[in-house]
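Asker: Sequence:
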Amino acid sequence: SFHDLIWETPTKSSQAWFVRHFGPEVNLGNIPPDEVIALETLRLGLRADTLKEVLLGDSAAVEPAPAP
1 SFHDLIWETP
11 TKSSQAWFVR
21 HFGPEVNLGN
31 IPPDEVIALE
41 TLRLGLRADT
51 LKEVLLGDSA
61 AVEPAPAP
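The working numbering applies: residue 1 is where the sequence shown begins, and numbers increase by one.
A couple of the hints might just be wrong.
[Stated by the list, open to error] Dumping the calculated EDC-like pairs for lysine to aspartate or glutamate here, alpha-carbon to alpha-carbon at most 16 Å:
{"hint": "1", "residue 1": "K12", "residue 2": "E35"}
{"hint": "2", "residue 1": "K12", "residue 2": "D49"}
{"hint": "3", "residue 1": "K12", "residue 2": "E40"}
{"hint": "4", "residue 1": "K12", "residue 2": "D34"}
If you are wondering where the hints come from, they were derived from the structure by calculation, not from laboratory data.
Construct the entire structure; sequences and hints are all you get.
Answerer: Now the structure itself:
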C-alpha cells in the first residue's frame with residue numbers, strides 16, 4: 001500500500017500533488033527544513049494549493065502530476 005512508502009517531494013508543487021491525491025497523511029520525504037511549516041499548512045488545507053479540496057471535499061477537481 002502507498003501508506004508504507006515515503007515519497008520524495010523536494011518541490012512545493014510535488015508536495016501539493018501528493019497531498020491532493022493521497023490525503024494529508026501521505027508520507028513525504030526530502031522536505032527542505034525551511035519548508036516544513038509550509039508543508040504542514042498545506043496538509044491542514046490552509047494554503048491555496050489545498051484550500052479548495054478542504055472546502056469542497058472530494059468533489060473538487062484533481063489536477064495532473066507536475067512536470068519534473
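Asker: Taking the earlier hints as the rules, which of them does this structure contradict?
Answerer: none
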